[in-house]
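Chemist: Going by our numbering, the first residue of the sequence shown is number 1, and it counts up by one from there.
Warning: the hint list may mix true and false statements.
As the list claims (entries may be wrong) - Pairs of lysine to any residue, SDA-like flavour, derived with a Cα cap of 25 Å:
{"no.": "1", "residue 1": "Lys304", "residue 2": "Gly338"}
{"no.": "2", "residue 1": "Lys247", "residue 2": "Lys210"}
{"no.": "3", "residue 1": "Lys200", "residue 2": "Arg325"}
{"no.": "4", "residue 1": "Lys226", "residue 2": "Thr319"}
{"no.": "5", "residue 1": "Lys299", "residue 2": "Arg346"}
{"no.": "6", "residue 1": "Lys177", "residue 2": "Arg325"}
{"no.": "7", "residue 1": "Lys316", "residue 2": "Ile301"}
{"no.": "8", "residue 1": "Lys272", "residue 2": "Gly326"}
{"no.": "9", "residue 1": "Lys130", "residue 2": "Ile88"}
{"no.": "10", "residue 1": "Lys250", "residue 2": "Lys210"}
{"no.": "11", "residue 1": "Lys316", "residue 2": "Asn266"}
{"no.": "12", "residue 1": "Lys121", "residue 2": "Gly101"}
{"no.": "13", "residue 1": "Lys107", "residue 2": "Asp120"}
{"no.": "14", "residue 1": "Lys250", "residue 2": "Pro269"}
{"no.": "15", "residue 1": "Lys272", "residue 2": "Ser294"}
{"no.": "16", "residue 1": "Lys57", "residue 2": "Val41"}
{"no.": "17", "residue 1": "Lys316", "residue 2": "Ser294"}
{"no.": "18", "residue 1": "Lys304", "residue 2": "Ile339"}
{"no.": "19", "residue 1": "Lys272", "residue 2": "Trp260"}
{"no.": "20", "residue 1": "Lys200", "residue 2": "Asn223"}
{"no.": "21", "residue 1": "Lys210", "residue 2": "Met144"}
{"no.": "22", "residue 1": "Lys130", "residue 2": "Ala159"}
{"no.": "23", "residue 1": "Lys200", "residue 2": "Tyr148"}
{"no.": "24", "residue 1": "Lys277", "residue 2": "Asn249"}
{"no.": "25", "residue 1": "Lys82", "residue 2": "Thr26"}
{"no.": "26", "residue 1": "Lys57", "residue 2": "Ser80"}
{"no.": "27", "residue 1": "Lys299", "residue 2": "Gly315"}
{"no.": "28", "residue 1": "Lys107", "residue 2": "Leu81"}
{"no.": "29", "residue 1": "Lys121", "residue 2": "Asp102"}
{"no.": "30", "residue 1": "Lys299", "residue 2": "Ile327"}
{"no.": "31", "residue 1": "Lys130", "residue 2": "Asp104"}
{"no.": "32", "residue 1": "Lys250", "residue 2": "His344"}
{"no.": "33", "residue 1": "Lys272", "residue 2": "Thr319"}
{"no.": "34", "residue 1": "Lys210", "residue 2": "Thr343"}
{"no.": "35", "residue 1": "Lys281", "residue 2": "Glu352"}
{"no.": "36", "residue 1": "Lys316", "residue 2": "Met265"}
{"no.": "37", "residue 1": "Lys236", "residue 2": "Met144"}
{"no.": "38", "residue 1": "Lys237", "residue 2": "Met144"}
Read the hints as simulated data drawn from the structure, not as lab findings.
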Amino acid sequence: MKRLFFALAVAVLLGACDSSTKYTITGNAADFEDGRSVYLVTAVNDEIAILDSTVVKNHSFTIKGEVNEPCWARVGIQESLKASDGIIIEFILEPGHIVFGDFDEAKSRRRTATGTPLNDKLTQFFCEMKTILDDTSLTRTESMNQVYALVRSYVIENADNEAALFLFERFDRSMPKDMKLELIDTLAAANPTLYADLRKETLEDIEAQKRVEEQAQSVAPGNPYKNVEGNDASGKKLSLKEVVENKKNKFVLLDFWATWCGPCMNEIPHLKAAYDKFHNKGFEIYAISLDDESDAWTKVINEKGLQWVNVLREGKEATELYGVRGIPSNYLIDCSTGIIVATHLRGQALIEKLEEATK
1 MKRLFFALAV
11 AVLLGACDSS
21 TKYTITGNAA
31 DFEDGRSVYL
41 VTAVNDEIAI
51 LDSTVVKNHS
61 FTIKGEVNEP
71 CWARVGIQES
81 LKASDGIIIE
91 FILEPGHIVF
101 GDFDEAKSRR
111 RTATGTPLND
121 KLTQFFCEMK
131 TILDDTSLTR
141 TESMNQVYAL
151 VRSYVIENAD
161 NEAALFLFER
171 FDRSMPKDMK
181 LELIDTLAAA
191 NPTLYADLRK
201 ETLEDIEAQK
211 RVEEQAQSVA
221 PGNPYKNVEG
231 NDASGKKLSL
241 KEVVENKKNK
251 FVLLDFWATW
261 CGPCMNEIPH
271 LKAAYDKFHN
281 KGFEIYAISL
291 DDESDAWTKV
301 INEKGLQWVN
311 VLREGKEATE
321 LYGVRGIPSN
331 YLIDCSTGII
341 VATHLRGQAL
351 IEKLEEATK
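Use the sequences and the hints to build the structure in full.
Modeler: Put into structure tokens, the structure is as follows:
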């Protein structure tokens, strides 16, 4: 969604400037390490543009410049521009004195910028959001509903400025579809030209999400499994069908995972426990990894001692067939019928289901 900011950010680099366009950014915090580089970047034509850079001294830095129109920007306090470590702060670059200080976890769940009108609005939003998320009397569903209501109110209130764009971009993928369309209409009324293509793209995204949901429903418990295939560690192609139709197997767990997925790695001990307990009773696992790097994949297989069937996917066909929206995701298949009998068996739930199924 930063494409919205791309069009506006051009004004950072082009056009005449005067005193009303000047900004000063100062940072002073205990965790701003001396000697680290500070990069101020924005985006122009889908490319990151470095506006300025400096170095932290005495846990502080200052950057000055001029900007014609408020736009999305990011300050990175890192070893290098491409480094994955360090501190990243997203904010709105606008005229005035923008301040980054110590991270106050008691007030907000993110480090915020203060000192200018739009950044102060964002800081207020994130503080209000933290209050909602920290309310232990609310269920997760209730708290998220309140967060979306807060997003909606801020976007509507700020439809004519970058605060609305900043927040919409951060929540548009997860917010309810009806709300997304409503807010796009609200934003479009404020700037019809800029948002002409956005509504079309959002409708296309929603249609794509519907297709994923339909695929997911087609492999819900009670439906037949769909064959997928991948390459094992030796490069040999192996299909799920071969494993399901192996007469030794009574139940096969199709498991989508990846080595870079923390929750997937946390599931490995549970999978090993289930495999050790039920493999001799006809239980097999067909684990299809979404890893891009085969070396990382084979390393984990060897180090963790994963004895079940492991394959590496090719393309997105497998995840699209099952409407996989996140991992880990799994499907327990009854080999005698080819029917999926359970899905999303995590933790102890897999062993409990196998105990029930193998009685």
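Chemist: Please verify whether Lys130 and Ala159 have alpha carbons no more than 25 Å apart.
Modeler: Satisfied, since the Cα-Cα distance of roughly 23 Å is no more than 25 Å.
Chemist: Quickly compare the C-alpha distance for Lys200 and Asn223 to 25 Å and report which way the hint goes.
Modeler: Violated: Lys200 and Asn223 sit about 34 Å apart, past 25 Å.
Chemist: Regarding the pair Lys272 and Trp260, is the alpha-carbon distance no greater than 25 Å?
Modeler: OK: Lys272 and Trp260 at ~19 Å, within 25 Å.
Chemist: Mind checking the alpha carbons of Lys130 and Asp104 for me, to see if they're no more than 25 Å apart?
Modeler: It holds: about 12 Å lies between the C-alpha atoms, which stays within 25 Å.
Chemist: Does Lys210 sit within 25 Å of Lys247, going by the straight-line distance between their CA atoms?
Modeler: violated (37 Å)
Chemist: Lys316 and Ser294: Cα distance at most 25 Å?
Modeler: This hinted pair holds, its Cα atoms lying about 16 Å apart.
Chemist: Below or equal to 25 Å on CA atoms is what counts here, so check Lys237 against Met144.
Modeler: violated (43 Å)
Chemist: Holds or violated: Lys277 with Asn249, Cα cutoff 25 Å?
Modeler: holds (14 Å)
Chemist: Check the hint pairing Lys250 with His344 against an upper bound of 25 Å on the C-alpha distance.
Modeler: holds (19 Å)
Chemist: Checking one constraint from the list: CA of Lys304 to CA of Ile339, max 25 Å. Satisfied?
Modeler: violated (30 Å)
Chemist: Tell me if the straight-line CA distance from Lys200 to Tyr148 falls inside 25 Å.
Modeler: holds (22 Å)
Chemist: Does Pro269 sit within 25 Å of Lys250, going by the straight-line distance between their CA atoms?
Modeler: holds (22 Å)
Figure legend: structure checked against the earlier numbered hints; hints not met, in rising order: 1, 2, 10, 18, 20, 28, 37, 38.
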